[in-house]
Amino acid sequence: DTAVSQTPKYLVTQMGNDKSIKCEQNLGHDTMYWYKQDSKKFLKIMFSYNNKELIINETVPNRFSPKSPDKAHLNLHINSLELGDSAVYFCASSASSGSYNEQFFGPGTRLTVL
Amino acid sequence: QKEVEQNSGPLSVPEGAIASLNCTYSDRVSQSFFWYRQYSGKSPELIMSIYSNGDKEDGRFTAQLNKASQYVSLLIRDSQPSDSATYLCAVNMLQGGKLIFGQGTELSVKP
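Top line first, the protein sequences correspond to chains A and B.
Quick note on our numbering: the first sequence kicks off at 1 and runs consecutively.
Quick note on our numbering: the second sequence kicks off at 115 and runs consecutively.
One thing to keep in mind: the hints can contain errors.
What the hints assert, rightly or not - Derived EDC-like pairs (lysine to aspartate or glutamate); straight-line CA-CA distance at most 16 Å:
#1 K40/A x E220/B
#2 K156/B x D38/A
#3 K44/A x D172/B
#4 K41/A x E119/B
#5 K40/A x E119/B
#6 K212/B x D30/A
#7 K41/A x E159/B
#8 K212/B x E102/A
#9 K212/B x E82/A
#10 K41/A x E171/B
#11 K44/A x E117/B
#12 K212/B x E58/A
Hints are computed from structural coordinates only; laboratory data are not their basis.
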């Protein structure tokens, strides 16, 4: 059974559109994350939620808005998509938000903005 | 200075050899360190975590941590072609589980 799942796997859209990516984990973890991996494969954290509360909010444009309806789900909504938003977005989860918690990644969503 | 630095490679080793991957980090208060393996087109997969100075072994993998030198490494013994991937070093920056990743080292194991 998949531990961290994301939908969709691929997303191709036009500039200016609004899109959402969904993430679910069945590990019973309290903390979930969104990461962005750019074309140079650099992986950078965007947001983190601990038990539905936002705890990390990196310097990300306001067009990106995460939402956590419960601790097993974390969604990412992106408004007014731009070419530079093209990347692979990974969701991850960990047991809690402490320093020693291992993070487990979902399969990723490849977003292409045309 | 980047917060977490790795040699981008590619690092090429023959099958059966030891592959040595290195990582340095800038924040002295960092307490936990992770190695992820990422195959092309796939997601990062956790292979090792290390929290204390010294060595930690798991099968063919050994992670080494030296906090005084702000250095963490990963050794892969008896390298196999299936080990060919990008290896990402990640350091926990204490803030809510925030992981900072290096740029990754591409490893190629030649048969």
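Now for the hints, and whether the structure bears them out:
1. At most 16 Å may separate the alpha-carbon atoms for a hinted pair to count; K40/A and E220/B meet this at roughly 12 Å.
2. Taking the CA atoms of K156/B and D38/A, the gap is near 14 Å; set against the 16 Å cutoff, the hint holds.
3. Annotation: proposed proximity of K44/A to D172/B is violated, straight-line Cα distance about 27 Å (limit 16 Å).
4. Between K41/A and E119/B, the direct Cα distance comes to roughly 14 Å. Compliance with the 16 Å bound is thereby established for this hinted pair.
5. With a CA separation close to 14 Å, the supplied pair K40/A and E119/B stays within the 16 Å bound.
6. Simply put, K212/B and D30/A have alpha-carbon atoms about 14 Å apart, close enough for the 16 Å limit, and the pair holds.
7. With a C-alpha separation of about 14 Å, the suggested pairing of K41/A with E159/B holds against the 16 Å cut-off.
8. With a C-alpha separation of about 11 Å, the suggested pair K212/B and E102/A falls inside the 16 Å cut-off, and the hint holds.
9. For the suggested pair K212/B and E82/A, the alpha carbons sit about 26 Å apart, so the restraint of at most 16 Å is broken.
10. Our distance criterion of 16 Å between C-alpha atoms is broken by K41/A and E171/B, whose separation comes to about 27 Å.
11. Our distance criterion of 16 Å between C-alpha atoms is met by K44/A and E117/B, whose separation comes to about 12 Å.
12. At most 16 Å may separate the alpha-carbon atoms for a hinted pair to count; K212/B and E58/A meet this at roughly 10 Å.
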